[in-house]
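*Asks:* Modelling step: build the complete structure from the supplied sequences, incorporating the hints.
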Amino acid sequence: MPREPLRQSPVAELDYPVVGPAYPAPDRLVKHPRDAIREGMTPHPVAADATSQDRLDRSRVLRAFNFSLAAVLLLVAVFTAQGMFDWRAWAVAPLQADGLLGILTAPLLHGSLAHLGANAAALLILGTLAGSVYPRATALALPLLWLGSGLGAWLLGEPGSRHLGASGVTHGLMFLVFVLGLLRRDRPAIATSMIAFLFYGGMVLTILPHEAGVSWQSHLGGAVAGLIAALLLRLRDPQQARPRYSWEDEDEDAAWEISNAEHDVLEPPPPRQVPVLWQRQEDGSQNVVLHFPPRERPPGT
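Quick note on UniProt numbering: the sequence shown kicks off at 1 and runs consecutively.
All the given hints hold, so there is nothing to weed out.
Simulated restraints, written as ranges between beta carbons of each label pair:
# : residue 1 : residue 2 : range
1 : 95        : 208       : 12 to 22 Å
2 : 272       : 140       : 38 to 48 Å
3 : 77        : 235       : 32 to 42 Å
4 : 278       : 183       : 31 to 41 Å
5 : 85        : 191       : 38 to 48 Å
6 : 124       : 187       : 21 to 31 Å
7 : 191       : 289       : 48 to 58 Å
Calculated directly from the structure, the hints in this document are not laboratory data.
Every value quoted in this text rests on a predicted model; they were computed, and no experiment measured them.
Each residue gets a CB set at the ideal place from its N, CA and C atoms; glycine is no exception.
*Replies:* Listed below in structure tokens is the structure:
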């Protein structure tokens, strides 16, 4: 006997699977983040992404701070042990073959407790800023900053002098962060460069000779290395996605613009909706020469 044609189930006409109460009701089903905003709902992937991004940012800041703190503790340990050996053999001796070893070891040495404290504070602050926003670029730039600091002192220093200290590395970090902010121009980069310049903007002046006993050659070498590293490594760390406003999409309808504006109070209005503050009146008063009567002179003048 012939088979009866299968009748299509009403469930097949729905655009969502029906398995159990775990699925939302049809009137609350959202298939696109834009539809979620129109329905007054927040799509779960966006919230999850925001939470994971916050957790990632905190971990990056903590990791950068721990690394910078470990570097500071290393400087303190070396400074404590400096009295047990002749540190001059480990400093940079300009234009001398036996002074090349200081390029690798001089940033670990310091001449006084005040010298150590100044460089330790700069290393902790600038290292945390650079490592939290540019972890990949900072990791690759540190060897370049280290070598640039020592080479600047070895090439430009006065013969017979000794150069030591981590100030060249800290100058390199400041220039790295500041130049990356100028090149990338996203919010984290700009904020980081402003904070670095607020604390250590004076390093721009200390790359030139200004005070006796200060190795400006090391500062200049570190600054040049930071500039070169910023140019070479500016794309190593991906930039955060720039928020896109509704009026930037020409193919969106007016309802989407209104709905998005209601949910994002920080979104600026579209350019075509910005009110005009002043408009010239076309009343024919343009290019009219006004003649003023001559001023009367008092009698007797």
